[in-house]
Amino acid sequence: MRCGGLFLESNMNAPNPAFLSVNNIEVIYNHVILVLKGVSLSVQEGSIVALLGGNGAGKTTTLRAVSNLLQGERGEVTKGSVEYRGERVEAMTPADLVKRGVVQVMEGRHCFGHLTIEENLRTGAYTRTDGKAAVEETLEKVYNYFPRLKTRRTSQAAYTSGGEQQMCAIGRAIMAKPKLVLLDEPSMGLAPLIVEEVFEIVKDLNTKEKVSFLLAEQNTMVALRYADFGYIMENGRIVMEGAASELSSNEDVKEFYLGLSGEGRKSFRDIKHYRRRKRWLS
Amino acid sequence: MGFFIETMLGGLMTGMLYALVALGFVLIFKASGVFNFAQGAMVLVAALAMARFSEWSNAALGGDSLFLANVIGIIGAGAVMFLVAWAVERFVLRKLVNQEGATLLMVTLGIAYVLEGLGQTFFGSEIYSINVGMPKDPVIMFEGLIEGGVMINKEDFIAAALAAVLVGGLTLFFQKTAIGRALRAVADDHQAAQSVGIPLNKTWVIVWCVAGLVALVAGIIWGSKMGVQFSLVTVALRALPVVILGGLTSVPGAIVGGLIIGVGEKLSEVYLGPFVGGGIEIWFAYVMALIVLLFRPQGLFGEKIINRV
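If you read the protein sequences in the order shown, they are chains C and Z. To get this note's numbering, take the position in the first sequence, counting from 1, and add 729. Residue 51 in this note's numbering sits at position 60 of the second sequence, with consecutive numbering throughout.
If we strip away everything but chain C, and leave its shape as in the complex, we get (with noise of 0.2 angstroms):
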């Protein structure tokens, strides 16, 4: 069984099942496109885990999978099973798995563009039961972790920033008192600046409220910055796993997703110096 995570050890003879776990998924589009080729993975309860690639490697995928989204999608898990706290995931509604407390934050942030940021923050709190003064209180705390969002309450979510907009989904996301966020993407046309606004943000509610990620990232560098483990996927594949630490010093790694080789960083100019030679001369 592959387990992940920095508490590997003293998790491995634990009786209680694993907070979630994905067993060796297949996952098909339309009936016959197959995307996901056999991917497993799990992530421990206060863990954040980096799910890492490039493009149509099937990340986005993987994590529509747990979050059962896939359906609006055509598409369909086929093989293995998902499991969250040892329930089978397949069988529930995306709404069963929000009261439950998994929550997925979309590609492209995906904030209702007509309402205003404090509706949209609002609408996450649909599945509560535990009354008005429990969700004016997490509403609170939202806007304590993202002031940014207090200024802009009143304003409709289309007319605001990309940053703002990541922000308000990730606490529209929060606002659900989730315990696993599935973030995907999170830095997408984000300055880098943001972007860091934004993991900083992530980790804090990860140390604080306790929340843990499942992060879906091309952004390789800040995305195992921040993660305590991760997976790089390839194909529909998980190619390599390890702690985030090892992983970002790893030779492979630093070769082909973070652009560094091991005499250091590679010079723009002799790539294009090689390639000009090749074309023209030889």
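FYI, nobody ran anything at the bench for these hints, they're computed from the structure. Small disclaimer: the values here were computed from a predicted structure and weren't measured. Since no wrong hints were added, every one of them can be taken at face value.
A short list of chain C residues far from chain Z (calculated; beta carbon distances all over 12 angstroms):
| id | residue |
| --- | --- |
| 1 | T807 |
| 2 | E819 |
| 3 | P921 |
| 4 | R966 |
Covered stretches of chain C, going by a simulated chain Z footprint (3 or more residues, C-beta under 8 angstroms):
| id | region |
| --- | --- |
| 5 | 792 to 801 |
| 6 | 829 to 843 |
Every residue gets a Cβ at the ideal spot worked out from N, C-alpha and C, and that includes glycine.
For chain C, the structure is supplied; the task is to place chain Z on it using the hints.
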């Protein structure tokens, strides 16, 4: 002067009735992003069910209590509308999550034909009447202000009041309640709504039910005015320019749009008609809608179409 006001009031009352049908369009569009061409068919089915159920129960009760028969009629028709909402969700919308607006629009065209056919199969295709005991006699108002006073149909007056109450209630529902907010969220983004745990199936049944009830009210009022018959479907066509004028996403817009078109129709018929040979009433609404589309594609009160790259 008295005649002008009378014409205008007449227009306002018809406008209110257009608005009732338009409201059904707006509701479904607001809550699911679907332009529902079947709204006219829903009005027809609701009115048919109401007319037939009250007729049958009246016969069963021996014609003693018209009131009781009408109550049974309304409950029966309400049940039918619920059934329609459930079936539409179960057999049509559930398969079409996250599809293009155009696909969903074509589907509602199909639903319209099915409803028209089934409605007439079950309830018959004759002309029926609905009698909910609306007072038919006109009253004279403002006698002190204007010479001769203004004649108003009591029936129209009650209908307008009913429509106003419905609109007020629905506006509050959409803006203030958690379910209303969830419905607006679904309209914006199906998948995001799913991801925060809003169950699409349930919200769609709710909103089609509400639209069904609005159709029932519209059906009862139109039906008691001009009888229940197939031509009720065309009422929906008259409501089309109303929603375009008022804005597809605005509940108050449906009302204001209805009033503008109602009044515009009547006044133009009376005052401009003689110059062009009459018949303005039929096309006036469409021309108004066209002009509005040229300058404000989202309608007078519609949400601005936001495109951010």
